[in-house]
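Novice: So you can see what is in the structure, the chains are spelled out below.
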Amino acid sequence: MFKFILRRLLLLIPILLGLSFLLFVWVRALPGGPATALLGERATPERIAEVNRLYGFDQPVLEQYLRYLSRIIRFDFGQSITLRRDVTEEMLRRFPATIELSAAAMVFAVGVGVPLGFVAAKRERTWVDNGAVIASLVGVSVPVFFLAQILKMVFAERLGWLPSIGRLEPVRELQAHTNFNLIDSLIEFDRGAFVDTVKHLLLPGLALGTIPLAIIARITRASVMEVLNEDYVRTARAKGMSRRVVNRRHVLRNALLPIVTVVGLQTGLLLSGAVLTERVFAWGGIGGLIGGAVLDKDYPVIQGGVMFIAVVFVLVNLVVDVLYAVIDPRIRVH
Amino acid sequence: MATVQEHLQSLMGARAVESTGSSLGREAFRRLRANRIAVIGASIMLFFVVVAILAPWLAPHDPRVNTWFDQIRPASIPGPSGDHWFGLDESGRDELSRIIFGARSSLVIGIVSLAIGAVFGLLLGVLAGGLGGRIDALIMRVTDVLLAVPSLLLALSVAAVMGQSRTAVMVAVAVPNVPLFARLLRSSMLAERQKDYVSAAVSVGIPRRRLVLGHILPNSVGPMIVQGTLALATAVIDAAALSFLGLGSADPTVPEWGRMLANAQKYTNVAPHLAIFPGVVIMITALGFNLFGEALREALDPKLRR
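Protein chains in written order, with the numbering used here: chain V, 22 to 355; chain R, 714 to 1019.
Among the clues, some could well be false.
Unchecked claim - List time: in silico DSSO-like cross-link candidates among lysine-lysine, alpha-carbon distance up to 30 Å: (1) 979(R) x 220(V); (2) 143(V) x 24(V); (3) 979(R) x 318(V).
Hints were generated in silico from the structure; no laboratory data involved. The structure displayed is predicted, hence computed values, not measured ones.
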């Protein structure tokens, strides 16, 4: 197991190297090169020359790449152009906010999606099942930024039940220990801040979690339906096991594998969705940072953000593979 | 498989080999027509395509002209009315006409990005699945790298470099499709290679290139058709997402659903219709492709054949 994890971690190196190479080449492959891209419409020959000198774009390409690579290896993505701050530092500072939001979304997606899929499978071809199938198909077709906007419009702006932007009310001060507001408010024994954080989490979490919920419900339904037809389920029932024990010990346990796979894959969707959701709710996480960087042409942030998220994505999938072995002892990782 | 048959026929005489016909395609079509979900999905797709093509004739007003600018105040943007079914937008343009023309952008971006993604994916997939060995390994490592980044973020990093333009969005939406198509095609080609007709073709001495391109490839593209339909749904949503973030066409008068939605954010209190209509339209379009894609998957799945 340890060897497996180590090998998978080592696999990150070629992936990151390849990704950095692709991003590097892509910026330079375009007509006009990086200086034009950076300056946009303000590009004049003098300014292009100035930028080229400033960022070292006038050096030989190989030299540029090696210099770039040596910085990437030290996780140094340079300075953000608009924020004038170190990209890596900024991302690490904001990362807890994104994890908090993604975790809330995932809890919602799994907490509702798995039972929904389970119930739908048990009542195949009833209105419950049909409703769940239709809801999940509609769910995967909703653009996350539209859903976020509608939720914000209805529950925050119209009804005023929940806050519309940010992670905390501006008047509230919370000592930052971990930058996870939920944990920080517990450390500080600040009940008001905790409740406030939860309130702020609800709408973005709901928006971000809905699409994964739809997909998880669908996979759960399919997977449970398959298991329900297995001989061992019939045997377990035939020998007089209670419905609950059969469901938990035989059906759910065996149906869990595809569900875990899909949950792992959904992290990718969550991280992309965060870019849009955080934008709508002015959430101070990585997603909003990347989303904002697009318009400002802040390449250090975009490149750093993409690499950062690729690392997170690969690590989550590693955790999923390890979980396989825990859930299903038949699978040997090697 | 016609050529294998010809070969076998020339070897063994015509009566030895009887054609079974391409019943999978015909049966799939029959099953699609009987499937209510497929019919609904296909109708939505057809409606969307027709609206996009006939936009200049269907749109009640010019989507670029803000004739009714005098009716617009920051505090009041007229909602749906008899003359403007979907209301006016923040600069006094007819919202319905903008949505109808927006279908054009979406359709063009969807089709072009799908074509780019499919062509490059096909190329890489055929090379990997057909040649194997080192080339296969190299191509698979490249797809590993591309798949390590969530698709929208990959698209975003591609488009951000190219700046605001429709081409940028098309290329950006296409790039994440390339590794998907390449992998899919490669794996179905590998599965196909194990089949008896391939051994038969090899034994009668069909050259490798013809074997791969003429026999294995045509039998392996089924899953790609399904993936293509589903990719169109993603393309509509991802293109809208990019234009929501400010990428997309550099010309602000070109109606794009994503940008309309982004602009609507400033007016959610006075004019909720500006957010609701484009959002619902994106959703229904994506739903159409998703419904049809899922139904197609079921129809083509040999396991479900009865």
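Novice: Does each hint hold? Answer for all of them.
Specialist: Hints and how they fare:
With a CA separation close to 23 Å, the supplied pair residue 979(R) and residue 220(V) stays within the 30 Å bound. With a C-alpha separation of about 40 Å, the suggested pairing of residue 143(V) with residue 24(V) is violated against the 30 Å cut-off. With a C-alpha separation of about 22 Å, the suggested pairing of residue 979(R) with residue 318(V) holds against the 30 Å cut-off.
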